[in-house]
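In order, the protein sequence lines correspond to chains R and E.
Per the numbering used here, residue 1 is the first one in the first sequence, and the count goes up by one each step.
Per the numbering used here, residue 1 is the first one in the second sequence, and the count goes up by one each step.
Hints are computed from structural coordinates only; laboratory data are not their basis.
Every residue, glycine too, gets a C-beta built ideally from N, C-alpha and C.
Among the clues, some could well be false.
[Claimed, not checked] Only part of the chain R face toward chain E is listed, based on derived beta-carbon distances under 10 Å:
1. 18
2. 49
3. 65
4. 84
5. 89
6. 90
7. 111
8. 112
9. 114
[What the hints assert, rightly or not] Straight-line Cα separation of at most 30 Å, DSS-like style, residue types lysine-lysine; simulated pairs:
10. R:42 - E:30
11. E:13 - R:113
12. R:42 - R:56
[Said to hold, decoys possible] Covered, in the sense of this in silico footprint (three residues per stretch, anywhere, with C-beta under 8 Å from a C-beta of chain R), are these stretches of chain E:
13. 21-32
14. 41-47
15. 69-82
Residue-level listing of the chains:
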Amino acid sequence: QKEVEQNSGPLSVPEGAIASLNCTYSDRGSQSFFWYRQYSGKSPELIMSIYSNGDKEDGRFTAQLNKASQYVSLLIRDSQPSDSATYLCAARLTGSGNTGKLIFGQGTTLQVKP
Amino acid sequence: DAGVTQSPTHLIKTRGQHVTLRCSPISGHKSVSWYQQVLGQGPQFIFQYYEKEERGRGNFPDRFSARQFPNYSSELNVNALLLGDSALYLCASSSTVYGETQYFGPGTRLLVL
Chain R
1 QKEVEQNSGP
11 LSVPEGAIAS
21 LNCTYSDRGS
31 QSFFWYRQYS
41 GKSPELIMSI
51 YSNGDKEDGR
61 FTAQLNKASQ
71 YVSLLIRDSQ
81 PSDSATYLCA
91 ARLTGSGNTG
101 KLIFGQGTTL
111 QVKP
Chain E
1 DAGVTQSPTH
11 LIKTRGQHVT
21 LRCSPISGHK
31 SVSWYQQVLG
41 QGPQFIFQYY
51 EKEERGRGNF
61 PDRFSARQFP
71 NYSSELNVNA
81 LLLGDSALYL
91 CASSSTVYGE
101 TQYFGPGTRL
111 LVL
């Protein structure tokens, strides 16, 4: 079982809709979770971090964490064609010790159609 | 403030050669992590350096090595290049050893022929 799993997609949504991206992780003790956006040919860009159960909102983005279900999600409201990218979920696992080692999922490709 | 910088942006090497990739972190950040991203996959952790000491090593062969300098910039070295080393090499900068909030540089795209 992979430590961080995402559906590779593509996930296709119409412009203005809500896009829902999901991620599961295997290490129950994991504390820190991150969502990165990566445009084709570019490097990952940090969108949001979340550490506690519940929702965290930043503009059109909402990250949700459910540690009991080992589940992290990212909602994008009012999706725009410019949101079309690969979204990477990352976790800092408890086995990381005193390091900043992040484990990434394979990413979900989002396509927002005008 | 400038973000994370990496050089070179692109590199073409042949099998058996070695390569040195460079990274400068965000000003004030003391931690540099290196990741390898193969096409279609998420980044994989290679190394982390904090205050010039190695703090973490991923599951990569000894052909991969790195170091961090007093100004917190870092080099990643790969010896005896293999075709499978072709990837995007990413440097991430953070202010703490725990790597909370890591910011990535633009990456170095390495092609091994």
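We went through each hint and held it up to the structure:
1. 18: Given a least distance of 24 Å, the restraint on residue 18 of chain R is violated.
2. 49: holds (6 Å)
3. 65: violated (15 Å)
4. 84: Check failed: Cβ of residue 84 of chain R comes no nearer than 17 Å to chain E, outside 10 Å.
5. 89: Cβ of residue 89 of chain R sits 8 Å from chain E, so the hint holds.
6. 90: The hint holds - residue 90 of chain R has a Cβ within 10 Å of chain E, the shortest such distance being about 8 Å.
7. 111: Status violated, d = 16 Å.
8. 112: violated (21 Å)
9. 114: Because about 26 Å separates residue 114 of chain R from the closest Cβ in chain E, which is outside the 10 Å limit, the hint is violated.
10. R:42 - E:30: holds (24 Å)
11. E:13 - R:113: violated (39 Å)
12. R:42 - R:56: holds (26 Å)
13. 21-32: With 1 residues closer than 8 Å to chain R, the region 21-32 of chain E misses the three-residue bar; violated.
14. 41-47: With 5 residues in contact (Cβ-Cβ under 8 Å with chain R), the coverage given for the region 41-47 of chain E holds.
15. 69-82: violated (count 0)
Violated hints, listed in ascending order, are 1, 3, 4, 7, 8, 9, 11, 13 and 15; each of the other numbered hints is respected by the structure.
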